[in-house]
Amino acid sequence: MALLYELAWRALHAILHLQRALVSWFRARLCSWNWRLWKRAVAALLVPVALGFQSRKKLGPPAARRGCRRPRWGADGRALEKLPVHVGLLITEEEPRCADIANLVVWCMAVGISYVSVYDNQGIFRRNNSRLMDEILKQQQELLGADSGKYSIEFLNDTEQQVCKPAMVKVLSSDDGKHSIVTAARQLCRAVEQRERASKDIDVHMLDSMLRGSHVTSRNWLKFINVLVYHMKLHVFVFIPLAFLILVDLNLF
Amino acid sequence: MSWIREGELSFIEKLTANILKAGPMPKHVAFIMDGNRRYARKCHVERQEGHTQGFDKLAETLRWCLNLDIREVTVYAFSIENFKRSKEEVEGLMELARQKFKKLLEEQGNLEKHGVCIRVLGDLTLLPLDLQQLIAQAVVGTRTHNKCFLNVCFAYTSRHEITNAVKEMAWGVEQGLIKSSDVSESLLSKCLYSSGSPDPDLLIRTSGELRLSDFLLWQTSYSCLVFQSVLWPEYSFWNLCEAILQYQLNYWPLQKARDQHHEEQARQQLEADCSCVAELLQQHGSARPAEACNRQDLLLSYAVDRDQRIQGFLSALQHKKDSFFTDLTSQAVLA
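Quick mapping for you: the protein sequence lines, in order, are chains A and B.
Numbered according to my numbering, the first sequence spans residues 1 to 253.
Numbered according to my numbering, the second sequence spans residues 1001 to 1335.
Don't read these hints as lab results, they were simulated from the structure.
Since the model is a prediction, treat every value here as computed from it, not as a measurement.
Just so you know, even glycine gets a beta-carbon here, dropped at the ideal spot from N, CA and C.
Among these hints, one or two may not hold up.
Said to hold, decoys possible - Which bits of chain A does chain B cover? Going by a derived footprint, with three or more residues having C-beta under 8 Å, they are:
#, stretch
1, 2-8
2, 103-115
3, 178-189
Generate the whole structure from the sequences, applying the supplied hints.
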């Protein structure tokens, strides 16, 4: 009997894996047929639908008649009642393409999202930060054209303090997660060891401010999955079929 | 309605369960039971009725989990953030909790028969004293059971849990039980409210919301997260099977990521130990660097000492936690 159940289980999983493979193959065909159109359709349809915006103001006739993509992104962003302040991109592919992530970052910036964090478990982008930066600047020129000058992008590393600029991009890896909480915990325990603090003084706000850093506003650092999820309490997951997982900060106000 | 629903699966359900059990099964499942209020609106009943139906569904889900050999279940019953709801709703939920824990105390025999251990995770000092006492009696009364475990997160948020763990470690340092250099990811995990449980393999959230809402953020780093659109009071055995199937489909990649993380943790611990030993040698004013074999011995000796300190600290911490519940139980008896 156990053998029969195992065979049935294997058959079920074979069917499910086949279904997944067919769907991926179909998507890949569609993507190669018209990549840009597909990406924009995904971005235009899936993100607002997934975020469940109740209403959108209609765009004025001049923007629609001009048929110009670039000013429309800004107008689209302003037309939304709620816009996330911080978007986190969790890369689930083993060999992510720089161009894809750069595209998403530029779209986020163009729509008016101030902070973008990019995470991959392998730390690929952490190690090749400059490659991603170059690709983003290139995509910025390509996609935004004459308007690219309106948007400046700042890359932040660990030691740099944040300065308020229009768009901030941070690259994260698995070191940024629980590790950062453990480091903060060690610092607090050291302070207790040296009689600078008492254990009863430690509370959520103290740990929060240590993790956020003194110059970072309350909407910033996203750390996800293995990475730390301390700040994820109100974050919404948006799954899109490009091997990305986007996290959206709902601390919007 | 009872906490434990007796009953067997139907023939089709049993067949499906047996097929699923041929593959890797989650040993610990966490549920965010969302959708009670929406269900109440949908069925045009009072909110309180929605929460009551939600509890009944919990009892049914526990039975399914037992039938599927899932021995540990954690549920998110009440968040610290929920205190911000209307006074009427909060009082209603507290009253529902009182009724359910009183019912639990009446079912001690049944709980013993099934070997169910109840744990309540959260900052219980935020709750009314009478509810704290009821909870304490339920926890102490089922403490020795070990066939299956139900963890109820009540007055809980993950941030509070993590902060509390840091506070406990700081207490350990204050008492001279551990050093600040002993603080590690593994030690922090052992100081969480959920330290008695392994990390959940599968986390399920109902009602279609795609967020974690400050639930088990530390523990679910390598869990399979499944978001289902069904409202909690309408949850079915087939929804649970669908979630388990998702877990099985993602089992190997998650296992690989988890193993890599454990290797990385071990490497970081070794590095930390080396750095502590080097610092100690410097403090003791060693004139020349220790030879390789001496260094290895020192490292081993340091690691053994560290483990002993940590064991002593964890025993003291467990005693503190146990005393909290036994003191409450004594107060309830005297009252």
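Coverage claim, chain B over the stretch 178-189 of chain A, checked by counting residues with Cβ within 8 Å (three needed):
holds (count 9)
According to a criterion of three or more residues whose C-beta lies within less than 8 Å of a C-beta of chain B, is the stretch 2-8 of chain A covered?
holds (count 4)
Can you confirm whether chain B covers the stretch 103-115 of chain A, using C-beta to C-beta distances below 8 Å and requiring at least three such residues?
Coverage by chain B is violated for the stretch 103-115 of chain A (0 residues, Cβ < 8 Å).
Violation of the numbered hints given earlier is confined to hint 2; every other hint is satisfied by the structure.
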